[in-house]
Structures are given as structure tokens and as C-alpha cells.
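The hints should help you fit chain S onto chain H, whose structure is shown.
There are 2 protein chains.
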Amino acid sequence: MTNLDSQFKGKSVLVTGGMGFIGSNLAIRLCRAGADVTILDAMIPDYGGNEFNVHPIKNDVRINFCDIRDETAVNYLVRNQDYIFHLAGQVCHLMSLSNPFPDISINITGTAILMEALRKYNPDAIVVYTGTRGQYGSSVSLPVNEEAPTNPKGIYEISNLTAEKIIKVYNDVHHIPSVLLRLTNIYGPRSQMMHSRFGVFNWFIRKAMDNETIQVFGDGSILRDFCHVDDTVDAIMRASVTKAAYGEIFNVGSDIPVNFRELVEKIIKVAKRGSWQFAEFTPERKAQEPGDFYSDISKIKRIVGWEPRIELENGIANTIDYYEKYRDYYWTRVENAEPKGKETVKLSQAATAPKS
Amino acid sequence: MTNLDSQFKGKSVLVTGGMGFIGSNLAIRLCRAGADVTILDAMIPDYGGNEFNVHPIKNDVRINFCDIRDETAVNYLVRNQDYIFHLAGQVCHLMSLSNPFPDISINITGTAILMEALRKYNPDAIVVYTGTRGQYGSSVSLPVNEEAPTNPKGIYEISNLTAEKIIKVYNDVHHIPSVLLRLTNIYGPRSQMMHSRFGVFNWFIRKAMDNETIQVFGDGSILRDFCHVDDTVDAIMRASVTKAAYGEIFNVGSDIPVNFRELVEKIIKVAKRGSWQFAEFTPERKAQEPGDFYSDISKIKRIVGWEPRIELENGIANTIDYYEKYRDYYWTRVENAEPKGKETVKLSQAATAPKS
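These protein sequences, in sequence, are chains H and S. Residue numbering for the first sequence follows the working numbering, starting at 22 and increasing by one per position. Residue numbering for the second sequence follows the working numbering, starting at 22 and increasing by one per position.
Chain H extracted, bound-state conformation (with noise of 0.2 Å):
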């Protein structure tokens, strides 16, 4: 066990939106590290919730199925947890622009009615809320850090921009312990890979892993960074843990950015099947493409001693593994989480063991 995992072991932590992507990853390493792990999901179709992204500790969780605006649930929930990691949310931009009350109910009345809970019930839990790097809206300059103007571009990157304050409100006038990151694109394990409506380099690698034609819009010269769910694990546990951290800003992301371009040939390699090809903008993406971002990350490396690790090329295989022991619960919607095979059941080293 690292050094980092020994300080959760028997703490209580709240995980919301735990049987999402990265909640759920994060929910895996918190719980092998010994902490006394409460999920919280709705579950909601389309969204990130998948019941097989927690089967390897399924046993030694508490699973609550529950909406975050469920206000006495949550209520009841926060009590005695050490740690709240703050996951749950609707994650989709491209819907939030055809209909922003799902965003602006889940994301940030969810957020206040979880910290209006902190405030009542139990205000020296740490909080941890990951937002998005869609906050910032087009880049003034590359890397944007985070003293940079945030104009986001859409319902769903304002809602976050909008739960980042609540939640830093309640850190300075109601002193909760708060950590808000900005998370660029993650890609790995436990995504959902149905539909391409969010997660757009894991879908990326389901098209290649089905042999299928990638579209990457415009050029293709778009530049972004990419972190690997596991090295953003680290980031929110070990930002959790980070008194210096309270209360502020930080950006997770990787300081080697790529374009798309570079990026479909990569996976297209790795995957070893695949291919690409232009495609245009539809006017709805193309309004709200914010054009080349990459995070500047060196304040969370100076303060949280966090970096990733885990370099593209061995992302992709890592994720490019999962899906192939695992297709079947990721491919289609999947009712009923048991493993269909003994044989299935061994996770990759690579999926759930953390890098550091």
C-alpha cells in the first residue's frame, strides 16, 4: 500500500456518482486502501452509472442507490463520512444546450443541497468537486492556468463553473475544507462507451476496437491533453489529503498536449485496427468548440506534489485491455452486473491497481 493509500485507511468516505467513470475507479482504490466507502448514484439512464464498474469490490461497499437532490437522503448520508468526493452530475454538453434544467437541477442544486447538508450536519468533512476544464471556455493563452477568464460555452460547463463557487463559498464563509479541480479529458477504464455523447476519446477507442471509421471534426489540429483515469484518482485523493489545497483551484490535466489527429493514429496503432477520416462541424459543436486547450498544471504539482504518470501509449493499451475482457458490460446497456464467467472476473492489473 502506498503512502498516500495508508492515510484513508478506516476513514469514511462518501463517494457521489461512485458507479460512474471516475467515481468508480476512485471508489475501487479508496476501498483496497482500506476505507469504509459509501457510494451514491441515481443511476440515471445514458449517464455514467454502470453497476459492473464496481463488481471487484461489490462486496465491501455500501452501494446507495439515491438521487444527490434527495435531500434527506443526503442528509442522512454525509453524517460521520471523513471525505466527500462530489462525482455526481449530469456530464453531457451537448444536451445541456437542448434542454439546461437537467444541469442546473443535478449539478448545482445537487451541489447546494450537498453542501447545504456539510453545513448542517457535518462541517469538517473534506470535500473534493471535479469540475471541468470546459470552465474556461476558449483560451486566452496556452497552458491556461487557473487564474485564467472563465467563459464556458455551454449549460453543462456552467453549472460546474456554478457548483465550483457554491462549493467555495461554503468553504470560506461556512469553513468546509474544499478542494475544486478542473479535470481536462479523461479517458480509461469504466467509461461508459454506448453512445459518443460524452467521453469523446473513449468512444474514440471503442470505433477503432469495432474496426470502425473514427470522424475527428475539422482538421483535426485541435489541440487537447489527456489524463488517464488512474493518474486523476491520484490527483483527487492525494488533493484531499493536501491541507494547503483547501479552498483552492487546481488543474488536472497533462502538460504534453496532442491533436486529434495525432491522437486517432495513436489509438489506431495501439489498437492495431481502426481508421479516421474528416468530418465537419455541425453548427451546434462547432458554436461551442472552444478550439486548442491544455491545462497548465504546475500549481497542483507545487502544492499537491501531483503529476500523471501514465503516458498516452500505455493509457490506451491499459484501456484498450479493459474494454476487451469487458466489452459486454460496456457495449450495450447492461441490466444485470454479474459476470457472466468466473473467468471474467479478474480484472487488469493495469484497470484497478494505481500507479503510484
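Keep in mind that the hints were calculated from the coordinates and are not lab data. Among these hints, one or two may not hold up.
DEER-style ranges, computed between Cβ atoms [to be verified]:
(1) S/N232 / H/N120: 54 to 60 Å
(2) H/P304 / S/T93: 25 to 31 Å
(3) H/K264 / S/K79: 58 to 64 Å
(4) H/E301 / S/R100: 30 to 36 Å
Computed list of lysine to any residue pairs in SDA-like fashion (alpha-carbon distance at most 25 Å, straight line) [said to hold, decoys possible]:
(5) S/K264 / H/N172
(6) S/K307 / H/V194
(7) S/K141 / H/S160
(8) H/K322 / H/K141
(9) S/K141 / H/L115
(10) H/K320 / S/S160
(11) S/K307 / H/G239
(12) S/K307 / H/K287
(13) S/K307 / H/Y267
(14) H/K287 / H/G239
(15) S/K320 / H/S159
(16) S/K307 / S/E283
(17) S/K322 / H/P170
(18) S/K287 / S/G326
(19) S/K32 / S/G326
(20) H/K141 / S/S119
(21) H/K32 / H/P123
(22) H/K320 / S/E305
(23) H/K307 / S/K141
(24) S/K307 / S/N96
(25) S/K141 / H/A308
(26) H/K307 / H/P123
(27) H/K320 / S/P170
(28) S/K307 / H/D145
(29) S/K322 / S/K141
(30) S/K322 / H/N172
(31) H/K307 / S/R140
(32) H/K141 / S/E310
(33) S/K307 / H/N172
(34) H/K287 / H/N232
(35) H/K320 / H/V194
(36) S/K287 / S/A169
(37) H/K307 / H/N280
(38) H/K320 / S/A169
(39) H/K264 / S/E305
(40) S/K320 / H/E269
Here a beta-carbon is modelled for each residue, glycine too, at the ideal position from N, C-alpha and C.
Showing chain S alone in chain H's frame:
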């Protein structure tokens, strides 16, 4: 009629929050300019709505009592409007820290309901939104321009910032032309005068008029800028007819900062009564106090051609004059807004005739 006013002759306008402080002053001027004015107001107790506010135009406007969150009513009311002045909102920053939900629901969800209604039923309407200088939080440098960081110190201010960003997305993605104003401390006739929880300047005026002692928090040296409501109405109207202003954020304030001690001394001098003393900040007020603030208004001067015209002492005199005449409709809650005697129906020229 001014050239500005003539641009509203025959135009259909909707003023949300039109029974409140700024909304009613705006509705009166628009009505007198010959606009076809519809007021929407929920008349939530202790908010700004007061039926007496629109007494001068009560036979000339359509007053529609409903909540901004009343989706079907809002969908209906936005149709065929040329201008939407969106002033409805929860405006008490103190309340928002003990109960964040009205701000999120009214200010954020309400704004999304309005913008969705426009997207679906009237995307050509021009929207003006009035946010607050509180969206900036503490000033990084003075005066504060529109590029300054936005780190609000309360849920109310966050909700205003979020509403602004939602409207900006509808401007950018759905092409609904919108002007986003950030108002400094506004004072003048038709503000609520029943309690001290918002509208500090007007509350000071009441205390002086009642020959009471005004509490000045801290050492009274905090700088602010103040803007008379007639100037504010002028800014709102000018911005709405300035094409170059659509999609833009503008401060509405004064570039002449005044500290609270000077302000109180001026009020007492003009009122010829009242006194003042220093008072300790409560911990809650202290945590939210952003320190010195005054607006850089060069952007609105340059693009909209607006600047404030009412000097502070004249504005104070005008405000006192109004409340002397109509004290009964403001000092306590009024259920029946009919003036008691015909002689009181004459409104002061200063309070109802705009300055430009």
C-alpha cells in the same frame, strides 16, 4: 420625448420584476415613452415588489402576476415582445447564505426558463439582464473593469453570474441578442424600505429620515460607487438599443468612489436629520464583505454612450423627496396600493421624469 425614448414608441416590452425597484422605474419610463409594457412579477413577500411603485402607470400597463419559473405563462408572455428586460430575482445576499435554494431556483432556473421560452417562441427579442457588481467579489485592482476575475462571495452573487453566463450562451449559440449589465449599488425612489437586508443606501436614507442612528460597519472607509435609479434606467434602455452592445458585459456605476462615512454624512446633511456611529461587522457580513469597489465605466461610455448624470447630493434629495411624499407606501407593508387622498397622487417630477 428624448431621442432615446422615441425608439421605444409602439414597441412591445416585457419587464420581469417590474413591480420592484429598478423594474418599476424602467416600466414607468418605457410606458411614458409610448411602449406597450407588460410587467411580470411574483410579488414574493419581502422582495422588492410593491404595487404602489407602478401607481403612475397602473392604467397603462399590463400587470401579470406570476413567477418567472411559471414555464407555461412565461412561454406565453414572451411572444411578440420586442424587448425583454429581465430584472426578476432574489436579491438579498444575506439570505442566500442561510438558504441558497431561492437564488438557484429563481435566479438561475428562472433565467433558463426565460431563455428557453425565447429560444422556442421569440428568438428575435432583445434581452437586457441586470446582474450585480457582487459578481466580481473582492477587487484585484480599482476601478474594476469587465475583464476582472469573478469570484463572488455569496450564493446570490453566484446566481447572478450564472444567469449572466446562461444568457451569454443563448446569445452565442442560439443568437438571442442580449446585453449583460453588472449594476453597482443603486439607490433612489421605489426601493423597498421595510427592512435593511438589501439596498443599504436607501436604508440609510430611511434611518436619517426617521432621525435615527445609522450603523456604519467597520471604520467606514470602504469605497463604493453609487448610481441613481434614473441613471440606471437610462443605461438599461440605451444598452438595449445599441447593436454593438449585444453579447457584451457592461458595468453600470459611477467612476466617483465614495466611502461609507462620506455617504452617510451627505445623507444626514441633505436630510437635515439623523446621526451615525460605527458598528462591528457580524461574522457573516465580514466573510462576505468584498472590500473597496468602484466601477470602471469606460466600456459602457464608449460603446453605449451612457454615463451617469445625477450627482450624489441631488440624487439623495430626490430620493428623500419621494419618500417624504409616499412614506406610507414604503415604511410598512402595503396591501392596498391606492393612494389615500387624491392630493398624494401627484408624483414628484424628479422621481418620475427621466433626466435625459
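### Message
For the hint 58 to 64 Å, verify it against the beta carbon of H/K264 and that of S/K79.
### Response
Given range 58 to 64 Å: holds, Cβ gap about 60 Å.
### Task
Below or equal to 25 Å on CA atoms is what counts here, so check S/K307 against S/N96.
Distance of about 41 Å is beyond 25 Å: violated.
### Query
Do the alpha carbons of H/K32 and H/P123 lie within 25 Å of each other, as the hint requires?
32 Å, violated
### Query
Taking 25 Å as the top limit, are the C-alpha atoms of S/K307 and S/E283 close enough?
21 Å, holds
### Given pair status - H/S160, S/K141, alpha carbons within 25 Å
With a Cα-Cα distance of about 31 Å, the restraint between S/K141 and H/S160 is violated, given a limit of 25 Å.
### Hint consistency between S/K307 and H/D145 [alpha-carbon to alpha-carbon, up to 25 Å]
21 Å, holds
### Pair hint S/K307 and H/N172, alpha-carbon separation not exceeding 25 Å
Roughly 29 Å separates the two Cα atoms, so the pair is violated.
### Task
Quickly compare the C-alpha distance for S/K307 and H/Y267 to 25 Å and report which way the hint goes.
Given that 25 Å is the threshold and the Cα spacing comes to 20 Å, the pair holds.
#### Entry: Pairwise hint evaluation, H/V194 against H/K320, where the allowed Cα distance is 25 Å at most
24 Å, holds
### Hinted pair H/K320 and S/S160, Cα distance within 25 Å
22 Å, holds
### Query
For the pair H/P304 and S/T93, does the Cβ-Cβ distance stay inside 25 to 31 Å?
29 Å, holds
### Message
Checking one constraint from the list: CA of H/K307 to CA of S/R140, max 25 Å. Satisfied?
### Response
18 Å, holds
The earlier numbered hints that this structure contradicts are 7, 8, 11, 12, 18, 21, 22, 24, 29, 33, 36, 40.
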